[in-house]
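With the hints as extra help, turn the sequences into a complete structure.
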Amino acid sequence: MVSDVKQDQASKPMPMEGLLNFCARIGRTILLFLQATGRLSLFISESISHVFRPPFFPKLILRQFMDIGYYSLPVVGMTALFTGMVLALQSYTGFSRFNAESAIAGVVVLSVTRELSPVLAGLMVAGRVGAAIAAEIGTMRVTEQIDALVTLSVNPFKYLIAPRVIAGTLMLPILVLIGDIIGVYGGYIVSIHKLGFNPSSYLTQTWDILENMDIISGLVKAAAFGFIVSLMGCYHGFNSQRGAQGVGAATTNAVVSSSILILIFNYILTQVFFS
Amino acid sequence: MTDITPKLELKDVKKSFGTKKVLQGVNLKINPGKSLVIIGGSGTGKSVALKCILGLLHPDSGSILIDGQESVGISPPERDQVMRKFGMLFQGAALFDSMRVWENVAFGLIQGRGIDRRTAYDTALDKLHSVGLDESVAQLYPAELSGGMQKRVGLARAIAADPEIIFFDEPTTGLDPIMADVINNLIVKSVKQLGATTLSITHDLASARKIADEVAMIYQGQIIWQGPVSSLDHSGNEYVDQFIHGRAEGPITDEIKARA
Chain A
1 MVSDVKQDQA SKPMPMEGLL NFCARIGRTI LLFLQATGRL SLFISESISH VFRPPFFPKL
61 ILRQFMDIGY YSLPVVGMTA LFTGMVLALQ SYTGFSRFNA ESAIAGVVVL SVTRELSPVL
121 AGLMVAGRVG AAIAAEIGTM RVTEQIDALV TLSVNPFKYL IAPRVIAGTL MLPILVLIGD
181 IIGVYGGYIV SIHKLGFNPS SYLTQTWDIL ENMDIISGLV KAAAFGFIVS LMGCYHGFNS
241 QRGAQGVGAA TTNAVVSSSI LILIFNYILT QVFFS
Chain B
1 MTDITPKLEL KDVKKSFGTK KVLQGVNLKI NPGKSLVIIG GSGTGKSVAL KCILGLLHPD
61 SGSILIDGQE SVGISPPERD QVMRKFGMLF QGAALFDSMR VWENVAFGLI QGRGIDRRTA
121 YDTALDKLHS VGLDESVAQL YPAELSGGMQ KRVGLARAIA ADPEIIFFDE PTTGLDPIMA
181 DVINNLIVKS VKQLGATTLS ITHDLASARK IADEVAMIYQ GQIIWQGPVS SLDHSGNEYV
241 DQFIHGRAEG PITDEIKARA
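If you read the protein sequences in the order shown, they are chains A and B.
Just so you know, we're using this note's numbering here: the first sequence kicks off at 1 and counts up by one.
Just so you know, we're using this note's numbering here: the second sequence kicks off at 1 and counts up by one.
I should point out that these hints are in silico values taken from the structure, not numbers from a laboratory.
There are no misleading hints in this set.
Output of the computed footprint for chain A on chain B, the stretches with three or more beta carbons under 8 angstroms from beta carbons of chain A: (1) 51 to 57; (2) 81 to 92; (3) 104 to 111.
Think of the CB as a built atom: it goes at the ideal place given N, C-alpha and C, for glycine as much as any other residue.
This is how it looks when you write it as structure tokens:
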């Protein structure tokens, strides 16, 4: 279709024609967008309804807990550790100019718990877990394993998607909580051993500035990101096109769309919590 | 003929994807215990017809009757009940690669019907025996099996729950002629044992002749000929003749050329 339009434009350079083609293209894009939105909404509502309706598959959910939660620990832990460390180092270079070194503990703990731990963990998990989910379910789609599930009277939403969405939504907050602790500890290590701060006053400053809401908002964000990552992985895998290329595209789309959505929803949730 | 309720009946089933009309009014009838094979070239709508019957795709119009009961547009629980009558052997076997062979065969029993694992294991072994595989294979993963063995496991899985209607999607594609014949024999044998009605789609005529009671030819989204397998060679239909003799010249290619 697109190539037809291009050819038309090349052969008939009439201004009206060009304008009409331009409008047609906009219209088509909007229709495609609406179609995709509709399909996604149906997919989401179907997924959520199966999360809450029995029968459940506890064994499968447990396995996803391991895959999504436990095996992501090293990645999330390393990310949090080095983020906390670099945060202390960078804020020191800035704050020491104004003799405001005492603010470093606060900057580290607030940045880590409110923003960096949930967002970076979300992005890392999107790359690790979202891609894996999309590739796995996409391959199952392409090799007709999903059709096979249906013919064996097993609902793929219940069997494949619900366990992943449940595990993603519940595991990411736990990962982020661990990331919070490791991230703050990373800042602590650098401040104490490299910048020569007093350990007890650093910890007091950290505790003084930290409020429950900082942690809670981060965990709520994490749950939302976990939901986004697992759902986008499932969605793109489930609608994968045929062949190796189809699965590859599904994987890419899953990672890209969940990363973007994480950043968008991070802004929205921050607005909700702190304004 | 008229007083028997057909096991499976398609009435004017239509399905299009975008502007592409794949099924343009398919009419088909299979009587209980009979084996119908649909033949036809690639892209003529064989697989789509099958997926419509299975409920994997929703036809745009027309009706699909199973035991005289409408199955288009039924509720999910009713669909579940209908699915229990079905068994399906997929083209690429479609085995679950994260599970062992016996778990694949027993999957429908354990997850779909809630039978306990021990009983399901015994049934799975029985079914594996009936397709010529033994206990040592049961513990392997599908990736460790050859194509022919995967097909056999797929067949065992399809018949595991003693279905009333079994569907075969290109059962012999991708197999060597000897293994293809082994699979054909297994299909005939297991269908006889179950007394099941079967619907197969294939473009392998040797396979069609072996497993079919009746043959139907699909062309451009419609059934253009249906008759007993014995009359396949003198159908009097030019399209069928071209197809079964595999000639490059004939009405089918003429129309393709005319459209291009």
